[in-house]
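Trainee: So the protein lines, in turn, are chains A and B.
The first sequence: position 377 = 377 (my numbering), numbered continuously.
The second sequence: position 325 = 325 (my numbering), numbered continuously.
Derived from the structure by calculation, the hints contain no laboratory data.
List of simulated lysine to aspartate or glutamate pairs, EDC-like, C-alpha gap at most 16 Å: (1) B:K12 with A:D55; (2) B:K143 with B:E120; (3) B:K12 with A:E280; (4) B:K12 with A:E281; (5) B:K234 with A:D111; (6) A:K16 with B:D55; (7) A:K16 with B:E280; (8) A:K16 with B:E281; (9) A:K16 with B:E52; (10) B:K12 with A:E52; (11) A:K12 with B:E52; (12) B:K16 with A:E281; (13) B:K16 with A:E280; (14) B:K234 with A:E118; (15) A:K12 with B:D55; (16) B:K384 with B:D330; (17) A:K234 with B:E118; (18) B:K16 with A:E52; (19) A:K234 with B:D114; (20) A:K12 with B:E281.
Protein chains: 2
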Amino acid sequence: GDMSSISVPPPKCLQKPLVVPHRHMFGPGPSNVSPRILQAGARPVIGHMHPEIFDDIKSGIQYMFQTRNSMTFAVSGTGHTAMECAICNAVEPGESVLTAVNGIWGERAADMADRIGEAEVNTMVAAPGVFFTNAEIEQALSKHRPVLFFLTHGESSTGVLHPLEGIGQLCLKYNCLFLVDSVASIGGAPLHMDRQGIDILYTGSQKVLNAPPGTAPISFSERACQKIFSRRTKPVSFCLDLSWLANYWGCDGKPSRVYHHTGPVTAFYSLRESLAVLAEEGLENSWERHQKVAEYFHTALESMGLKLFVKEKNARLPTVTTIVAPHGYDWKDITSYLMKTHNLEISGGLGPSVGLVLRVGLMGCNSSKANVDMVLAALKDALKHCHKNKM
Amino acid sequence: GDMSSISVPPPKCLQKPLVVPHRHMFGPGPSNVSPRILQAGARPVIGHMHPEIFDDIKSGIQYMFQTRNSMTFAVSGTGHTAMECAICNAVEPGESVLTAVNGIWGERAADMADRIGEAEVNTMVAAPGVFFTNAEIEQALSKHRPVLFFLTHGESSTGVLHPLEGIGQLCLKYNCLFLVDSVASIGGAPLHMDRQGIDILYTGSQKVLNAPPGTAPISFSERACQKIFSRRTKPVSFCLDLSWLANYWGCDGKPSRVYHHTGPVTAFYSLRESLAVLAEEGLENSWERHQKVAEYFHTALESMGLKLFVKEKNARLPTVTTIVAPHGYDWKDITSYLMKTHNLEISGGLGPSVGLVLRVGLMGCNSSKANVDMVLAALKDALKHCHKNKM
Chain A
1 GDMSSISVPP PKCLQKPLVV PHRHMFGPGP SNVSPRILQA GARPVIGHMH PEIFDDIKSG
61 IQYMFQTRNS MTFAVSGTGH TAMECAICNA VEPGESVLTA VNGIWGERAA DMADRIGEAE
121 VNTMVAAPGV FFTNAEIEQA LSKHRPVLFF LTHGESSTGV LHPLEGIGQL CLKYNCLFLV
181 DSVASIGGAP LHMDRQGIDI LYTGSQKVLN APPGTAPISF SERACQKIFS RRTKPVSFCL
241 DLSWLANYWG CDGKPSRVYH HTGPVTAFYS LRESLAVLAE EGLENSWERH QKVAEYFHTA
301 LESMGLKLFV KEKNARLPTV TTIVAPHGYD WKDITSYLMK THNLEISGGL GPSVGLVLRV
361 GLMGCNSSKA NVDMVLAALK DALKHCHKNK M
Chain B
1 GDMSSISVPP PKCLQKPLVV PHRHMFGPGP SNVSPRILQA GARPVIGHMH PEIFDDIKSG
61 IQYMFQTRNS MTFAVSGTGH TAMECAICNA VEPGESVLTA VNGIWGERAA DMADRIGEAE
121 VNTMVAAPGV FFTNAEIEQA LSKHRPVLFF LTHGESSTGV LHPLEGIGQL CLKYNCLFLV
181 DSVASIGGAP LHMDRQGIDI LYTGSQKVLN APPGTAPISF SERACQKIFS RRTKPVSFCL
241 DLSWLANYWG CDGKPSRVYH HTGPVTAFYS LRESLAVLAE EGLENSWERH QKVAEYFHTA
301 LESMGLKLFV KEKNARLPTV TTIVAPHGYD WKDITSYLMK THNLEISGGL GPSVGLVLRV
361 GLMGCNSSKA NVDMVLAALK DALKHCHKNK M
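Using the sequences and the accompanying hints, generate a full structural model.
Mentor: Printed below as a string of structure tokens:
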């Protein structure tokens, strides 16, 4: 054929203008992004990152994570990419991994670990809505002797905020790295990476931070780095190889940065700005605000006759609330009605909680009593219109 | 410690406003992003992607790649992520891979393949600036019998546009998948995925498309899908597992999409818009414009007494020009001077071409005679000021 002429014509759909509606993003994420953060991401692209922007992001993550780890940066990807980055660096073929499964995230971590050749993956499983005691964790650590223990701090599929106290010490005792997923919780509930002995911690940009999805803060303790930098084999992923990423982010102390990949520059601008917003409010204020708004929300839900999925009050995630799917309704009717009538996104369950719950996320700038009132009014309206007997 | 109080204070650097300069991005990428595309990325975040936006992107990529493959979508990551996606899906442990190395990208592909347990990775190596004949490729295919052959269409580290005619047929003959990296070339030089028998093709968003980095178009032929979907083992990466991605992008024909990861929604808006811009101009017009501008540039460089690194005229990449690093200069002085004095980014070599070349990228909206004139004037000025004898 003539190589200067085309055989696939230009698609008609691209002739229409891009239309994006504004929605109340009150699901488990992504959350609404403020105009300030969106506009930061619309700044011009530059090539090699300003070292200042990298440094700003690093410092902002250290603050958000409450850590002094120098191995702190943002992965060019989403929370899942950061999860994979943590696991594929920390685990070598043939090693043993333990994941705590009380929702979808532990399942995902086990799936990822399982893909590493000959890795031995063990899980400890609890029903959705429940958390593990330290005694149960110690028993499992002692039985399986893993090199890595995975736990989800904010289980967004079930609404559980997992207690963290004492687990870091247990992991240290059993010579195991402590990996925590804080995608749905960080910034909205107290977490102290260093004090609580967390070895690897990651999150996403699109929850409490209110930045667009696409970047994922991560940090590695000295102990994690020691294990990773004495690996016998290369990590299975080049893109996520910590030695490359450490140099790219200037975390390895070397004077010059070698080209690794082209980071999502404009997404880094947004991330930087979202960290600035968090620092302006102050972590403690943000924790307190999320807690107060959640309590206000939970009390109101119960007084509407709805049931909260997580029984133990202290284990309720302040960012994502799980409501027992109300009897006499198809949960899909409720979420569809809210979207159609109120332009408001909430969601049903995910993984082990599918069919069991409705999930409402009020994260970062979305966490306010005004938004709670909006959700409550919309929910009341939905419950009036969606009852199965009415259909 | 008291878990409600912090130990790492908010960083001072985040108190300053975010400052991003405007620059002429005339290096090998990322390229300048037009206000239209930047502003598309500043639209509000929505949760589940509009199916229309996914469909727009898919159609736009099919057009750009000149393919009718239904397995066509954008990876949530950069060109490197797409490279890893292609390799980790197409190759199983123990299989043989062949990569053509005439610059950095073949090296990177070999590194990635090498991380797959027990994979046997062979390379055919040529000097930077040179390409392979079909006879050489057939010899190597016949010797190594790989399941996958990797070739770079636009070798941005050396400035070579690799001929593609006949190679797809050779790969078919030797029952091998043909994987092509078109990160630096697609949209700027003729390429026909289907007609040329390419089985897996990927690119990045930040070159000719002029979108921010962070999304990477990719497409798989029917033959590639057959091999991938009959794997004995899971791909090492969950995030890049084609069966998950195919469902997420609605390419697998299943009626419902399962949650896989949270895509970079706003980056997808920008990608969609950049594909619309390409469709508006028309691929053939874009190819012709890049070729004409490159020829104008190359002639002018030679008449300035500079030498082009790629001897063979037809093998010169129209998007990224490699100039032999001029005698009597330190190339770093030239790139620094251009940045400082002209606010203009060009770069030195990369990988095997370090120290040998200067690289100028004029891609997408940057490919114009006016920009060539700007680069030429700036280069003349730099050559006046940067000579070693003057320092």
